[in-house]
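S.K.: Heads up: the sequence lines are chains A and B, in that order.
Take the first sequence: its position 82, counting from 1, is numbered 144 in our numbering, and each next residue is one higher.
Take the second sequence: its position 106, counting from 1, is numbered 232 in our numbering, and each next residue is one higher.
Treat the hints loosely; a few may be bogus.
[To be verified] The following label-pair restraints were derived from C-beta to C-beta distances:
| hint | chain 1 | residue 1 | chain 2 | residue 2 | range |
| --- | --- | --- | --- | --- | --- |
| 1 | B | Leu225 | A | Pro115 | 32 to 42 Å |
| 2 | B | Ala177 | A | Ala91 | 54 to 64 Å |
| 3 | A | Lys196 | B | Ser230 | 23 to 33 Å |
| 4 | A | Glu94 | B | Glu185 | 42 to 52 Å |
| 5 | B | Asn215 | A | Ala81 | 28 to 38 Å |
[What the hints assert, rightly or not] Some chain A residues well away from chain B (every beta-carbon gap over 10 Å; in silico):
| hint | residue |
| --- | --- |
| 6 | Arg97 |
| 7 | Gln100 |
| 8 | Arg168 |
| 9 | Asn170 |
Just so you know, these hints were derived from the structure itself, not from any lab.
All C-beta atoms, glycine included, are put in the ideal place defined by N, C-alpha and C.
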Amino acid sequence: MSLFSLLSVSGSGMSAQRARAQLLVENLANAETTRTPQGGPYRRKDAVFAAEPAPSPFASVFEAETGAAGTGVRVAEVIEDTREPEKKYLPGHPDADAEGYVAFPRINPAEDMVDLMSAARGYEANVAAIVAVKDMINRSIDLLR
Amino acid sequence: MTEGVAGRLEHYMDLLSLRQKLVASNIANADTPGYKTRDIDFQREFRNRIAGTAPAVEEVSGLEVKQDGNNVSMDREARLLAENTMRFNLAANLARIELRTVRSAIEEGRSG
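Given these sequences and hints, build the entire structure.
M.R.: Listed below in structure tokens is the structure:
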């Protein structure tokens, strides 16, 4: 088992958390967006993660067979909020319906901020793992000196 | 002559890197629904390793399962991450001392 393949495991964790953070930031930016290309107000997005064998070009077949291979992570799907949009009475708004109500995205900034913090912590944890592994690799290389 | 100690150190470091890989996987999947923490029984696998059998990876029991079925404990993984690195550094230092002994034996023989 190679220490180098560990880097791709933590790397997949970093990219998955970054993708999630991107969606959360998008949610915050669009908290009051009433128009989207699909029509209707913006809908809250979130990422669902799934475990998968680490994408390492040098991973040996043996490791995959014995289940000793590292398990990376990927964004399996991006889910959209299916809750009804929030209606606000704004008769002067250009997107108001016949009764004067405007459909706003149902986004709670607190919810997104908490998730964003969790994504940032997850990212940091993966970086810490990479630093630890890098240290181990350097120690192994030092054996040759 | 070095077979004994150096060979065991090699097994030890090999097993530590496997464990580190599982820790990295657990950290990467800390937010994956339904993912279960994986680890090895280090003592048992080290003995098996010397005997020549492949290590068995198993799910860790007794961890708190979150609402999405995930049971990764960040505290546990952070501790293991640090512990594995320190153990590995120790083993690497021991291996270097071992190699230095051999080297000095070779060099002393040459000068004499």
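S.K.: Each hint needs a verdict: does it hold in this structure or not?
M.R.: To see whether the hints hold, each was checked on the structure:
1. B/Leu225 <-> A/Pro115: 32 to 42 Å: Because 35 Å falls inside the window, the suggested range holds.
2. B/Ala177 <-> A/Ala91: 54 to 64 Å: holds, 58 Å
3. A/Lys196 <-> B/Ser230: 23 to 33 Å: holds, 30 Å
4. A/Glu94 <-> B/Glu185: 42 to 52 Å: Because 45 Å falls inside the window, the suggested range holds.
5. B/Asn215 <-> A/Ala81: 28 to 38 Å: holds, 34 Å
6. Arg97: Consistent with the label, A/Arg97 stays out of reach of chain B, its closest Cβ about 31 Å off (over 10 Å).
7. Gln100: holds, 26 Å
8. Arg168: A/Arg168 is indeed farther than 10 Å from all Cβ atoms of chain B, at 21 Å.
9. Asn170: Holds, because the least Cβ-Cβ distance between A/Asn170 and chain B comes to about 18 Å, which exceeds 10 Å.
Hint check: no violations occur; every hint is consistent with the structure.
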